[in-house]
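Protein sequence lines, in the order shown, are assigned to chains A and B.
Heads up, the first sequence is in this note's numbering, so the first residue is 1 and it goes up one at a time.
Heads up, the second sequence is in this note's numbering, so the first residue is 1 and it goes up one at a time.
Treat the hints as calculated values from the structure; they're not laboratory data.
Don't take every hint at face value.
To be verified - Pulled from the structure, derived: some chain A residues nowhere near chain B, Cβ distances all over 12 Å:
#: 1; residue: 41
#: 2; residue: 43
#: 3; residue: 67
#: 4; residue: 102
#: 5; residue: 454
#: 6; residue: 478
#: 7; residue: 651
#: 8; residue: 797
#: 9; residue: 891
Unchecked claim - Simulated pairs of lysine to aspartate or glutamate, DMTMM-like, Cα-Cα distance not exceeding 20 Å:
#: 10; chain 1: B; residue 1: 73; chain 2: B; residue 2: 108
#: 11; chain 1: A; residue 1: 425; chain 2: B; residue 2: 112
#: 12; chain 1: A; residue 1: 425; chain 2: B; residue 2: 49
#: 13; chain 1: A; residue 1: 503; chain 2: A; residue 2: 461
#: 14; chain 1: A; residue 1: 425; chain 2: A; residue 2: 383
#: 15; chain 1: B; residue 1: 79; chain 2: B; residue 2: 49
#: 16; chain 1: B; residue 1: 31; chain 2: B; residue 2: 20
#: 17; chain 1: B; residue 1: 22; chain 2: B; residue 2: 49
#: 18; chain 1: A; residue 1: 409; chain 2: B; residue 2: 49
#: 19; chain 1: A; residue 1: 503; chain 2: A; residue 2: 456
#: 20; chain 1: A; residue 1: 249; chain 2: A; residue 2: 26
#: 21; chain 1: B; residue 1: 79; chain 2: B; residue 2: 42
#: 22; chain 1: A; residue 1: 175; chain 2: B; residue 2: 118
#: 23; chain 1: A; residue 1: 132; chain 2: A; residue 2: 183
#: 24; chain 1: B; residue 1: 79; chain 2: B; residue 2: 34
#: 25; chain 1: A; residue 1: 630; chain 2: A; residue 2: 601
#: 26; chain 1: A; residue 1: 409; chain 2: B; residue 2: 21
#: 27; chain 1: A; residue 1: 865; chain 2: B; residue 2: 49
#: 28; chain 1: B; residue 1: 71; chain 2: A; residue 2: 183
#: 29; chain 1: A; residue 1: 132; chain 2: A; residue 2: 98
#: 30; chain 1: A; residue 1: 175; chain 2: B; residue 2: 106
#: 31; chain 1: A; residue 1: 361; chain 2: A; residue 2: 895
#: 32; chain 1: A; residue 1: 853; chain 2: A; residue 2: 882
#: 33; chain 1: A; residue 1: 865; chain 2: A; residue 2: 422
#: 34; chain 1: A; residue 1: 249; chain 2: A; residue 2: 23
#: 35; chain 1: A; residue 1: 865; chain 2: B; residue 2: 42
#: 36; chain 1: B; residue 1: 35; chain 2: B; residue 2: 5
#: 37; chain 1: A; residue 1: 361; chain 2: A; residue 2: 574
#: 38; chain 1: A; residue 1: 409; chain 2: B; residue 2: 20
#: 39; chain 1: B; residue 1: 73; chain 2: B; residue 2: 112
#: 40; chain 1: A; residue 1: 865; chain 2: A; residue 2: 846
The structure presented is a predicted model; accordingly, all values stated were derived computationally and were not measured.
Where a beta carbon is used, it is the ideal one built from N, C-alpha and C, also for glycine.
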Amino acid sequence: METIALTINGIRINCPAGNRLLEAAEKNGIPIPHLCSHPSLHPVGACRLCLVEDEKTGRLMAACVTPAAQDMQILTHTPRIERHRRNIVRLMMAEHPESCIVCNKGNRCELRGVAARLGIGATNLYPMPNYKQMEQANPFIVIDLSKCILCGKCIRADHELVGAGAIDFYMRGFKSRPATLHDLPLEQSNCTFCGTCISMCPTGALSLKGDYAGTPERIAPSVCGFCGVGCSLSLGMAGEKIVEVNPDKKSNTVNGATLCVRGHFAMDFLNSNDRLAQPLVRENGNLIPLSWDKALDLVVRRLFEIKATNGSQSIAFIGSSKCSNEENYLFQKIARVFLKTNNIDNGGYLFGRQLLSMVEKRTDKGGRFNFFAGSLSGIEKAEVIMVIGADPCHTIPVASYYLKRAAAKGIPILLIEPQHTELSKDARIMLNPIPGSDLALINALSALLCRRGSSENSFIERFTRGFGSYSQSLNALDLNQAACDSGLSLDDIEKAADLLAGKKITFMTGRGISRQRQGGKIMDALLNLAMMTGSIGYAGAGFHITAAESNMVGSWDMGTVPDALPGRRLLCEEETQKEWEAVWGVELSLKPGLNMLQMIEAAEKGLLKAVYIMGENPLRALQEPERVRKAFERIPFIVCQDILQTETTAAAHIVLPGAAVAEKEGTFTNMEGRLQQFLPAILPPGDSRSDFDILSALYQKMSGSPHPLFLSDIREEISRVLPMHTGNTQSSHLVWIKDFAQKNEARADISGSSIEPKFSDVFPFKRDTPDSEYPFTVLLGSDRYHLGSGTRTSRSYRIATFENSAKIKPKQRAQSPHSLKYPDACGGELQISLADAKRLALKDGDAVRLTSKWGAISRAVRIQKRLSQGLVYVPGAYNHNDARCLIPLTPLFSEESSGWNYCRVKMEKI
Amino acid sequence: MDQQEIDWAKLTEIINAHRDDKWGLIPMLQKVQEKFGYIPPEAIAPVAEALQLHPSQVQGVISFYAGFTMKPKGRCVLKVCRGTACHVKGSRSILRAMKKNLNLEEGETSADYQFTLETVACLGACFLAPTMLVNHDYYGRLTPNKINSIVGIYRKDQSDG
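Model the full structure from these sequences, guided by the hints.
Here's what the structure looks like:
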């Protein structure tokens with residue numbers, strides 16, 4: 001890169017060409033005060049505080065917008081500039097209310113900081129406060145525009161980083177201010193409450209609503225424990241409470257300056273009254289407190305008794321896709337070493353882990369380095385993006401910002417979803433296939449690309465096997481039939497193929513595929529398409545699989561799965577067995593254990609005698625709740641280790657109180673494969689302990705060792721036995737899994753590795769037979785205010801308040817669709833199409849009952865103009881996640897599965 | 001006269017005609033305003049969608065320029081000049097007479113959507129001070145007496161039409 005040399009304050013410095021003066025000065029340690037500039041936003045030169053003087057001409061210019069030029073001579077702190085700066089700040093202060101003492105921003109106010117450094121106490125100007133009304137109706141953000149200095153950071157963050165476009169400047173001159181469309185309250189705009197604007201705002205104009213006002217007593221870095229994006233957080237604490245969350249200011253974080261509504265605001269679930277604070281044991285039907293020592297002794301004694309009398313197969317362990325790598329490793333080690341069982345699973349089963357394993361299996365391991373797209377930042381460098389079976393705007397909002405930014409840069413997005421999603425407006429082409437027909441559509445797309453010769457032949461020849469028979473079966477495909485099966489016109493599919501032709505594809509896919517009836521076949525078809533187009537090995541291209549939970553990837557890596565040991569080593573190989581027997585010094589069984597669903601089936605048959613659940617809530621998450629509850633009733637011994645009172649702790653015999661992310665130490669592996677460490681910021685409530693401490697005490701009791709096991713011991717063991725985790729023992733905050741970051745701009749060299757991806761067969765699509773008794777198709781989704789089944793997020797005071805205020809009130813019922821105050825169905829309503837609403841004479845807010853073959857739910861309806869006729873959309877997690885009862889509990893990824901995403905229902909007004 | 005339901009076909013026609021224009025926003029808004037007399041708030045979303053902007057951005061542009069309005073205006077828009085020269089020549093009494101004659105305050109529109117009374121900073125016709133502009137016609141060297149006859153012309157116009 002070309003560098004240029006210039007002089008600032010008599011010091012000769014070098015900077016890359018294209019840098020602005022402010023960047024150049026700051027990189028060289030020369031501070032220039034500024035309020036409106038931010039490294040991740042386009043500079044606009046609004047505040048004028050970064051004025052600098054050109055020594056040659058005497059011109060004053062704003063350093064944030066002036067590009068550095070060769071041989072410039074710049075002065076940053078002359079008396080003249082200082083005088084101007086002081087006057088600018090004095091004028092800002094004259095317009096600012098004198099409310100610093102009660103301001104939420106407290107000592108973090110940048111205006112106050114700048115004034116302090118310039119030595120401005122009293123302005124000696126006539127105060128002219130520009131009072132504007134305050135908005136604090138929503139439970140997340142307080143807007144006090146009398147403190148606004150019109151720097152435009154909130155607006156630029158909204159447009160450039162988040163892509164929501166909820167606010168922009170409104171009016172001009174003295175009246176000018178940021179406002180939503182039609183100047184409505186935020187909750188009636190398309191604001192997603194990501195809170196990025198709060199963290200950006202240099203003054204108290206935008207602040208967090210909560211019961212604490214002012215500067216937190218201390219701040220600590222952490223990692224978000226909700227979804228799999230793994231945002232870096234900066235937690236603000238007062239006493240032992242988290243009172244504030246902001247994006248961490250470190251560089252190279254996944255989230256940069258952004259967060260989402262969950263990360264920013266839902267952390268208040270930690271203060272919920274439902275937190276567990278002491279070990280409990282069930283006696284005469286009630287849970288009563290017990291000391292840690294007695295509780296753990298009881299767990300060890302009962303588990304060993306059950307193993308001795310009923311055998312290892314009668315014991316199951318459910319680890320957690322929300323617990324750390326170290327905890328999951330130790331958890332499965334306890335299960336495999338002391339209880340000799342492979343019946344281990346975790347919540348990742350529900351949210352897409354099978355897709356990860358499929359990629360792995362198809363490539364004989366090493367998949368992560370080549371098939372997976374890796375860093376999310378690659379999305380913004382992609383050639384074309386295909387989003388299929390994923391609603392990233394709601395499941396992994398921060399990753400969706402990458403997609404929106406990519407779209408804003410002109411990178412085409414092909415969106416394949418049965419219904420419109422928030423991403424629709426950013427997509428170049430959207431296809432709405434009939435639910436469950438993705439396979440037909442992908443086959444058609446692949447066939448079109450293959451027939452046009454847009455397969456990447458050099459790649460296919462060099463790296464893959466089986467293309468011949470694959471292309472033959474593609475050529476034999478009846479395109480018209482495929483189009484008809486997917487409910488689309490062949491024209492539209494051809495347009496989509498045009499978009500993909502000749503480009504490397506970046507895929508984003510998730511539970512829309514993993515929970516679909518033919519999920520495995522669809523994933524196979526997608527992998528074939530990726531290989532045919534050579535979309536592997538380039539930075540950017542490859543698969544992003546949405547991880548709904550913080551450590552879905554890590555818990556898989558750490559082996560809390562029935563069929564693999566840590567490091568994703570499949571159990572069926574003898575070599576693996578020998579290796580791990582040597583590591584742990586015990587005999588291991590090669591037989592894969594039961595997955596979550598098979599555990600339920602075993603429990604129903606009375607085969608399961610004990611289950612140890614760590615940080616999962618299967619009684620809330622699994623379909624057919626009544627069946628699952630009955631199955632759990634048949635298990636004689638249930639240990640549940642959790643942070644909250646849940647449906648599952650209510651069924652447990654022993655409850656062990658664990659700690660949340662902010663209260664313990666550990667590492668998560670995010671959906672990119674990035675390993676991130678977090679440290680305790682606050683103490684866990686009452687007697688509760690970090691989950692690692694609980695497991696380590698159990699380990700000690702089971703092994704009879706006199707020495708306790710420390711976190712560092714397990715880290716040392718992990719990095720010794722899992723080569724990809726080398727570097728984990730260092731205490732640095734951010735470590736990439738070894739080799740992961742090495743995927744460069746150019747094709748990663750995959751020829752030397754053992755992988756040789758094989759094309760799989762083209763599976764023909766089989767159509768569902770429609771059922772006239774159940775004329776509607778219900779799609780189960782999720783929305784951004786909740787994660788998974790909502791165990792944690794429904795305990796957030798702010799989220800619960802928002803949900804209540806967003807519910808359609810009875811007086812709104814009779815009004816037209818346009819009169820609804822909240823554009824999103826954030827009160828958990830089910831959504832129906834306009835045509836169906838007319839046919840059934842339904843209005844917004846009317847209550848209906850949905851009945852499937854397996855269950856029924858009642859909800860208010862909301863008319864969604866963009867939904868196609870015959871479709872009903874229900875967001876999950878609401879109302880104790882009751883929507884799950886509509887769908888049968890069948891094994892995912894198998895022939896007999898009916899899928900977990902949608903089912904046929906009938907609808908009646910009540 | 002009630003506020004009318006907006007003519008979506010007309011709006012769609014304008015939007016489609018300018019959909020692919022570079023820097024098409026302001027010309028598109030001008031066309032909309034020309035056709036409807038104002039920019040209906042309902043038009044913001046479709047305009048934004050056509051140009052791939054956020055609706056809030058479109059609103060920002062509309063509210064920035066005094067030339068755009070989101071409220072329906074009267075058939076006759078009367079703009080009384082309040083520039084320095086006109087002020088010296090007594091434009092305050094002209095405005096007062098206008099208010100009395102039309103029974104409107106500054107910025108208001110009559111209930112029958114015939115008249116809108118506005119003020120402007122300067123019409124650039126200071127040699128005619130005090131001046132006003134009715135739609136596209138200038139009137140100069142005004143006196144409070146002249147007001148009645150000028151307004152009368154436009155009233156008469158209405159009864160003719």
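Task: Violations among the numbered hints - done: Hints 11, 15, 21 are the ones this structure does not satisfy, whereas the remaining hints hold.
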